[in-house]
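S.K.: For reference, the chains in residue letters:
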Amino acid sequence: MAIEADVVVVGGGLAGATAALSAAREGVHVHLISAKESTLRQASGLIDALGYPDPDGRSPPLANPYDGVDDLPDGHPYRVVGADALREGLALFDDAVGDRYRGGHTDRNALVATTSGRAKPTARYPRSVAPGLVSDDRDTLLVGFEAATDFDAPLAAERLTAAGVPFDVAGATIAFPGDYRADAAVTRLAHALERDEDAGNGRSTRQRLADRVRPHLGDAERVGFPAMLGDAHVEEVRADLSDRLGAEVFEIPTGPPSLPGIRLEDRLFEALDEAGVSMTTGNPVVDYETDADGDIDRVIVDRNGARIPYDADAYVLATGGLVGKGVESDRDGPREGVFGCRVPAPDDRMAWSEAGAFADHAFARFGVDTDERLRPLGSDGEPEFGNLFAAGGVVGGADVAREKSASGVSLATGLVAGRTAAEEA
Amino acid sequence: MSDGHDTHHTDDDCGCSDAEATRPAGAGAVPDGGTATDGGTATETGGDFEPVDVFGGEDMDLRPGADSCYKCTSCDTSCPVAEVDDSFPGPKFQGPEQWRLKRKEDTEIDDSITGCSNCMRCDGACPSDVPLSQMHNSARGEYVDNQMDKLSREYVRNRILANYGTLARVGSKVPRLTNAVMGNSLVQKVNEKVLGITAERDFPEFADETFRSWWKQRGGPKVQSEEKRIAYFHGDYANYNTVEVAKALVRVYEEFGYEILVPDQRCSGTPMFANGMLDDARRSAKVNVENLGDAIENGYDVVASCTSCSMALRQEYPELFDFEGTETVSANTYDALEYLLVNENVIDPVRAVDGDQLDLPDFAYHAPCHSRNQGLDRQAVELFRHLDGVDVEDVGDSCSGISGTYGWKEEKYDYSMEIGEEMFEHMEHAEGETGMTECPTCSMQMEHGTGYEINHPLEVLEKALVETDVEV
Ligand SMILES: Cc1cc2nc3c(=O)[nH]c(=O)nc-3n(C[C@H](O)[C@H](O)[C@H](O)COP(=O)(O)OP(=O)(O)OC[C@H]3O[C@@H](n4cnc5c(N)ncnc54)[C@H](O)[C@@H]3O)c2cc1C
Ligand code: SF4
Ligand code: SF4
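In order, the protein sequence lines correspond to chains A and B.
To convert, note that position 149 of the first sequence is 149 in full-length UniProt numbering; the numbers rise steadily by one, no gaps.
To convert, note that position 298 of the second sequence is 298 in full-length UniProt numbering; the numbers rise steadily by one, no gaps.
Isolated chain A (complex conformation) (with noise of 0.2 Å):
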């Protein structure tokens, strides 16, 4: 025996997420298993579609992420999939997400103001991320904590007005209210704010929390926060502290470890529980069975040395790209690390990246080159399995960073293979 389901899904990230209930719409059983906990946790929260299409970084930020998909390289997701693909699986995470997520009533990417002060062009953000856009006039106080230095608010605040936003913007550093220790880490800071504790002297944490920003104020109709403020509530505390300011708050995303990130992992999970898909956390898969066609007839969880089988008609493959673990690199050069797909790769070691960080790098790029079912193709251009479908930061031809289409490609990818692994169970 093993444990059954129509379609199984490997990897919990954004894409597998989007394949599992893409496939569940489909009226499948599916069963989702995931190694670690994934990227997300780490992100930033924001879905980017394309920002970048172009791969010399010389134009400008895309106002409308479609527009930008004709001048994207032969063999990115987006050719592959198509421009539709991206439409619909940003509808589909519109729907899982519902009223948490902004930006989905129109096609125009958002400019949204970062912890560094830059504005990023994405297409969806966090309903608590709103009120910050960069395309919005009016005047703004960003608050930054003395604990938490990744955010350093008077420098964003310079940065933001160098780069010519049209509303006067300020920046103050200031000691989180209450009795920590100096390296707190942020989810504990958010989790006082959210239950409102004591910070002492009979007053609460978001209490003193205005007490000690308002003297900052000056004209500011709008005071940003790294997005620390609260867990599960942060609507709630979000209103609070606009209330004791007068001025809206709204949350600037940060670096790892990202609330916003976590709250939209946790959403998307209550979504699969919601679509009946099973889920297996904590172990990974680490090998497989073909059958006679040498299609995958089921793969292998690994529990501690105890191998367990999973069984399903299809199998789609969303294991992330280099960060992930999907793809591997070794001296012979890059590969898939479940099912061992081709991963193209230059032969020549040091055509693989160029100098600066940014650079058009081919590693950046490195994933499994697919049909347009996102079947894995080997290097006779077949398909390596007739049941196995690509999604995520695995596929190849994307360099994601820099075109800033990251959470884009997963969802676009995660929504055809989910689809097409249904069909094939």
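By construction, these hints were calculated from the structure, which means they are not laboratory data.
Glycine included, every Cβ here is placed at the ideal spot set by N, Cα and C.
Just so you know, not all the hints are guaranteed correct.
Claimed, not checked - If you anchor each label on the Cβ, the simulated ranges turn out as follows:
| no. | chain 1 | residue 1 | chain 2 | residue 2 | range |
| --- | --- | --- | --- | --- | --- |
| 1 | A | D179 | B | E192 | 38 to 48 Å |
| 2 | B | E209 | A | G386 | 53 to 63 Å |
| 3 | B | R176 | A | D179 | 46 to 56 Å |
| 4 | B | A199 | A | E274 | 55 to 65 Å |
What the hints assert, rightly or not - Counterexamples of contact, computed for chain A against chain B with all Cβ distances above 10 Å:
| no. | residue |
| --- | --- |
| 5 | Q207 |
| 6 | L217 |
| 7 | A275 |
Starting from the known structure of chain A, fit chain B with the ligands onto it as the hints suggest.
M.R.: Coordinates of chain B with the ligands only, in the frame set by chain A:
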């Protein structure tokens, strides 16, 4: 508006490519097999990481594991203790950072290590496979061996809590008397004052008859089978306290045609690891590995009904010990429900049951941290989805807060309840007013925080499949 034109190239807010470029390679650090030689290398992991048994004379060198930490702080974010206890610096410090400091001569283990409850959540959170709980367990062992005053109240108390099974062996001989004494509030006050065991909690009651004596009375297994054989690791709680769970396991497994062996066994060692009593744990583990290893050789798979026991056998034994057969026991040990789901068709018979005819309430289910770490956190909810008329609702992913002996310590009690608060709230919001969990101490905490009665999934399965006329 910003000119993304030449700034986005160095945009560090996304972080994806930075992380890709700088992420340390290799050194996957979770042991995954290999041969054990006494006192020597325990495992080989594909990378160049070789943890060495702490007890082999030399110190365990987990430094390469520490080196693969890229300070993402995911572990700190997931630590329930760091969340409420401001004096606890969190898993990143206890693990990789402390290990790096320790490379210098004369560096002592920081005494904050005793604040860790051994919930092992940090293990599951680390994307880089840093062996955090293994680091904590061995640091704690070293701390207790070298730095702790063996006459201190704390040491004595921890030793008593860690060796609950020894107490239970005595107490269960005269269960009624022991229950009366331990339930006495004066005794509880004395325990708190003298020993530092909180008076807030009620001692778990001893059953009138231990599981082992029931098993003996009954004449052992009622089913004989050459192919389907399990060796039951009941642990101390199911033997002395929650005997109904152990009986449910027997009835369910026999219903599926399994021959059951109940080998001689000691405590799994979980409370000992958590208190740094590694010598005690080693003695117990040795007996368990020998006896379970023999059973495996005779065709039995090992099955545990407590997820901390299965965790110890599966993960902690191979991380900390290298008795012959440790790896075999690890690879052949399963959680009771997991084993059935892998090997039997459980879903169809459950689906065939008319749940409305059963005398079963709706449940608020909590997945213990040690089941979560094994990837078993969803199994009960997903199985009982198929049981008509009985609703099993997951009450969220927070830790229950008791973590074995942690919540019994007078100075930790308040933290323990603070950690559990989220679970209590979720339980109260859930439809069901009966709790469900696999872990006996989580079960105590759930009951303590809400007053609900708590069942084990095996008890529910017993009601659904054994007491009805459903074909399995
Ligand atoms: C720091 C950081 C910041 C980011 N910021 C942004 C942003 O601002 N905007 C944006 O749009 N995107 C951002 N992203 C990218 C985005 O979050 C996702 O990483 C991307 O969409 C790829 O998703 P994925 O699901 O393919 O891969 P991942 O999220 O990497 O998930 C892969 C999953 O597969 C699992 N897995 C791997 N191997 C196995 C195996 N053998 N068996 C079982 N499971 C396995 C992993 O445990 C993981 O859960 C960021 C990413 C990072 C790391
Ligand atoms: S085991 Fe639990 S309490 Fe200990 S450091 Fe890890 S997460 Fe924190
Ligand atoms: S989760 Fe792992 S890599 Fe991240 S800080 Fe903790 S130990 Fe280091």
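S.K.: Evaluate each hint against the coordinates.
M.R.: Against the structure, the hints come out as follows:
1. Judged by the Cβ atoms, the range 38 to 48 Å given for A/D179 and B/E192 is violated: they are separated by roughly 27 Å.
2. The beta-carbon spacing between B/E209 and A/G386, approximately 58 Å, falls within the hinted interval of 53 to 63 Å.
3. Hint check: B/R176 to A/D179, Cβ distance near 49 Å, so the stated range 46 to 56 Å holds.
4. Between B/A199 and A/E274 the C-beta distance comes to about 43 Å, which lies outside the given range of 55 to 65 Å.
5. No Cβ of chain B comes within 10 Å of the Cβ of A/Q207; the nearest lies about 20 Å off, and the non-interface call holds.
6. Non-interface status of A/L217 relative to chain B is upheld: no Cβ of that chain comes within 10 Å, the nearest being about 24 Å off.
7. Chain B leaves A/A275 outside its interface by the beta-carbon criterion, the shortest separation being 12 Å against a cut-off of 10 Å.
Hint violations for this structure: numbers 1, 4, all remaining hints satisfied.
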